[in-house]
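Could you put the whole structure together from the sequences, leaning on the hints where they help?
Number of protein chains: 2
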Amino acid sequence: MRAEDRVVERLRALLPASGSVLWGPGDDTALIDRPAGLLAATTDLLVENVDFLEGEDPERLGRRAAAVNLSDLAAVGAAPEAFLLAVAFPPERGEEYPLAVARGAQARAQPFGARLVGGDMSAAPLTMIAVAMWGRPAGAPLSRSGARAGDGVYLSGHPGEAAAGLRLAQLLAAFSTPGSRPMPRFPELTPEHQRRLLARYHDPEPRIALGAALASEGIASAAIDVSDGLGVDAERVARASGVRLAIEAGRIPLSGPLRAFSEMSDQDALELALSGGDDYEILFTVPETREAELERLAARGDLAVTRIGTVESGTGAVLRGPSGERDLGAMGHDHLEARA
Amino acid sequence: MRAEDRVVERLRALLPASGSVLWGPGDDTALIDRPAGLLAATTDLLVENVDFLEGEDPERLGRRAAAVNLSDLAAVGAAPEAFLLAVAFPPERGEEYPLAVARGAQARAQPFGARLVGGDMSAAPLTMIAVAMWGRPAGAPLSRSGARAGDGVYLSGHPGEAAAGLRLAQLLAAFSTPGSRPMPRFPELTPEHQRRLLARYHDPEPRIALGAALASEGIASAAIDVSDGLGVDAERVARASGVRLAIEAGRIPLSGPLRAFSEMSDQDALELALSGGDDYEILFTVPETREAELERLAARGDLAVTRIGTVESGTGAVLRGPSGERDLGAMGHDHLEARA
Numbered sequence: 000m001r002a003e004d005r006v007v008e009r010l011r012a013l014l015p016a017s018g019s020v021l022w023g024p025g026d027d028t029a030l031i032d033r034p035a036g037l038l039a040a041t042t043d044l045l046v047e048n049v050d051f052l053e054g055e056d057p058e059r060l061g062r063r064a065a066a067v068n069l070s071d072l073a074a075v076g077a078a079p080e081a082f083l084l085a086v087a088f089p090p091e092r093g094e095e096y097p098l099a100v101a102r103g104a105q106a107r108a109q110p111f112g113a114r115l116v117g118g119d120m121s122a123a124p125l126t127m128i129a130v131a132m133w134g135r136p137a138g139a140p141l142s143r144s145g146a147r148a149g150d151g152v153y154l155s156g157h158p159g160e161a162a163a164g165l166r167l168a169q170l171l172a173a174f175s176t177p178g179s180r181p182m183p184r185f186p187e188l189t190p191e192h193q194r195r196l197l198a199r200y201h202d203p204e205p206r207i208a209l210g211a212a213l214a215s216e217g218i219a220s221a222a223i224d225v226s227d228g229l230g231v232d233a234e235r236v237a238r239a240s241g242v243r244l245a246i247e248a249g250r251i252p253l254s255g256p257l258r259a260f261s262e263m264s265d266q267d268a269l270e271l272a273l274s275g276g277d278d279y280e281i282l283f284t285v286p287e288t289r290e291a292e293l294e295r296l297a298a299r300g301d302l303a304v305t306r307i308g309t310v311e312s313g314t315g316a317v318l319r320g321p322s323g324e325r326d327l328g329a330m331g332h333d334h335l336e337a338r339a
Numbered sequence: 000m001r002a003e004d005r006v007v008e009r010l011r012a013l014l015p016a017s018g019s020v021l022w023g024p025g026d027d028t029a030l031i032d033r034p035a036g037l038l039a040a041t042t043d044l045l046v047e048n049v050d051f052l053e054g055e056d057p058e059r060l061g062r063r064a065a066a067v068n069l070s071d072l073a074a075v076g077a078a079p080e081a082f083l084l085a086v087a088f089p090p091e092r093g094e095e096y097p098l099a100v101a102r103g104a105q106a107r108a109q110p111f112g113a114r115l116v117g118g119d120m121s122a123a124p125l126t127m128i129a130v131a132m133w134g135r136p137a138g139a140p141l142s143r144s145g146a147r148a149g150d151g152v153y154l155s156g157h158p159g160e161a162a163a164g165l166r167l168a169q170l171l172a173a174f175s176t177p178g179s180r181p182m183p184r185f186p187e188l189t190p191e192h193q194r195r196l197l198a199r200y201h202d203p204e205p206r207i208a209l210g211a212a213l214a215s216e217g218i219a220s221a222a223i224d225v226s227d228g229l230g231v232d233a234e235r236v237a238r239a240s241g242v243r244l245a246i247e248a249g250r251i252p253l254s255g256p257l258r259a260f261s262e263m264s265d266q267d268a269l270e271l272a273l274s275g276g277d278d279y280e281i282l283f284t285v286p287e288t289r290e291a292e293l294e295r296l297a298a299r300g301d302l303a304v305t306r307i308g309t310v311e312s313g314t315g316a317v318l319r320g321p322s323g324e325r326d327l328g329a330m331g332h333d334h335l336e337a338r339a
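Protein chains in written order, with numbering that gives the first Met the number 0: chain W, 0 to 339; chain R, 0 to 339.
If you're looking for bench data, these hints aren't it; they were derived computationally from the structure.
Short derived list, chain R residues pointing at chain W, Cβ under 8 Å:
| no. | residue |
| --- | --- |
| 1 | Arg9 |
| 2 | Ala29 |
| 3 | Arg33 |
| 4 | Leu44 |
| 5 | Val49 |
| 6 | Asp50 |
| 7 | Ala85 |
| 8 | Glu94 |
| 9 | Pro97 |
| 10 | Leu98 |
| 11 | Ala123 |
Okay, the calculated bits of chain R under chain W, using three or more residues with CB under 8 Å as the criterion:
| no. | region |
| --- | --- |
| 12 | 69 to 83 |
| 13 | 113 to 122 |
| 14 | 125 to 136 |
Short, incomplete list of chain W residues facing chain R, as computed with Cβ under 7 Å:
| no. | residue |
| --- | --- |
| 15 | Val6 |
| 16 | Arg9 |
| 17 | Asp50 |
| 18 | Leu83 |
| 19 | Ala129 |
Predicted model only: the values in this text are computed from it and were never measured.
The beta carbon of each residue, even a glycine, is placed where N, CA and C say it ideally should be.
Here it is as structure tokens:
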């Protein structure tokens with residue numbers, strides 16, 4: 000088990016069982032049974048040089064901080080209501096800095112119904128942004144633990160694009176430092192591909208509508224948002240549900256922009272898709288009896304949803320391909336290690 | 000106006016007015032009118048070397064992070080329900096580190112009814128702890144804006160003790176670095192005084208019961224928790240209420256431990272009380288017609304509550320003493336500057 004998951008399991012063991020906390024630490028989103036109704040609540044932390052590159056634009060950071068929290072609520076099928084924003088930053092960046100973060104977060108969250116209602120600031124030697132967000136579950140909330148053998152495994156969007164975008168942003172940043180070579184042009188990547196990959200890293204699209212539909216129409220048996228890599232998040236669903244998730248390598252939807260980046264950079268597209276992280280897509284499982292509904296749902300929206308595998312009895316998450324079977328649980332991003 | 004308050008005012012102006020957010024950014028605690036009932040929500044951030052000393056004990060940091068958020072809820076008279084915890088820390092501090100923070104926060108919050116329900120972790124070059132906490136208002140929530148000319152100005156506890164405790168902790172830390180002189184004994188301070196001052200800094204006591212009583216019995220016209228110094232927080236109440244708060248120097252309750260520290264350190268006790276910050280006491284105003292109820296309330300509990308001044312028409316917060324009148328608004332801690 001990864002360091003982060005180990006700490007979370009120990010944390011969970013530390014806490015007293017409480018009937019009114021339906022799920023607590025260990026899931027991305029807590030579900031609290033208040034006298035006044037269910038509340039879904041989550042918090043996510045972004046740290047400079049770890050979760051984002053040094054000196055990134057503050058408004059874009061605010062958008063991203065809001066998006067990763069919105070994604071957590073999407074994974075339980077909750078309708079966002081409000082959020083709190085805490086920003087630590089170097090005072091020499093100026094008073095505009097936290098305001099830009101707040102503007103970005105507000106702009107990202109408002110179309111989904113979540114309003115900024117409070118916050119805190121502190122001086123710090125580097126920027127750290129913590130968002131806490133809550134909302135109302137729509138229908139029976141989705142969890143990681145409901146997958147059953149025989150269910151199909153589905154994924155929204157195109158995994159690996161965000162990871163390619165991060166690497167592209169790193170290349171661009173390296174070439175744009177003072178005194179360095181002029182910015183490279185990447186002839187293999189069209190401007191449209193570049194924009195697409197950078198946008199998927201900087202400004203992921205929270206899958207709120209998909210999560211709400213999966214929950215309110217009772218379609219998904221389990222769900223998680225893919226933040227740390229398809230492999231490790233598949234393994235988390237498997238562990239929470241007591242099943243095995245078998246992913247078929249040939250079914251993973253590798254996009255054109257990702258393939259183009261892969262050719263240019265010598266980084267394997269499938270590896271980026273499995274372990275890149277930062278996707279903020281929804282990985283979910285669907286019982287066979289509900290697959291027709293899912294197809295109707297997918298036909299309604301313009302969001303790509305792909306069946307990538309099957310739930311089996313057993314444990315862990317595996318990738319099946321021409322060269323055999325591979326364990327996916329050890330891949331992906333560990334929050335206790337630096338990444339950016 | 001201080002840099003922090005200026006940013007907060009600009010932030011508030013940025014946000015769309017919304018009938019369902021009764022108070023948002025600018026107050027320490029947001030009050031949100033949900034379909035399911037009022038929710039009071041707050042977030043506070045602690046940064047190493049800014050809000051606490053380098054290398055402080057993580058369990059104690061967790062207690063303190065919970066306490067400062069509990070104090071925000073106390074200031075609006077809310078009953079705490081649950082909290083989220085985000086911890087960024089240097090991975091070389093080990094996996095025990097975030098668990099110790101969580102244990103401390105949980106231990107501090109649970110007696111007041113708030114449970115840890117979720118969190119996030121990230122690697123970082125220094126420790127940053129963000130807590131988001133919410134609860135139910137008891138009765139009509141207290142705000143900063145209800146003070147009226149003629150009201151009495153009251154304060155719980157003894158201001159300045161926490162500031163003295165921070166300075167004492169800094170002295171102890173400086174003397175305990177390897178190769179330094181052996182730890183000094185401070186003959187002017189009894190061990191009991193030392194313990195008291197350090198505890199007031201490390202482990203402030205959230206005034207939840209006082210806040211709830213002031214709100215549910217409709218005694219206070221305005222309230223704030225004193226986090227950045229009595230002077231600057233008095234000025235915030237004055238500004239929000241459109242009145243003047245006149246504090247009488249001779250009425251500020253300077254404790255024995257604070258006076259002893261002052262003699263030992265050459266730091267003026269009154270200055271520490273006015274501008275030290277970190278008190279987490281409740282500063283509140285009470286209409287003349289409710290003062291009898293307040294006295295009955297104070298007699299019931301064992302918490303010191305002192306009348307320290309009067310609300311007048313006008314603006315700002317002033318200190319009146321033998322040497323005349325002094326503006327208090329410019330004093331105290333600005334969160335956009337380093338302190339520890």
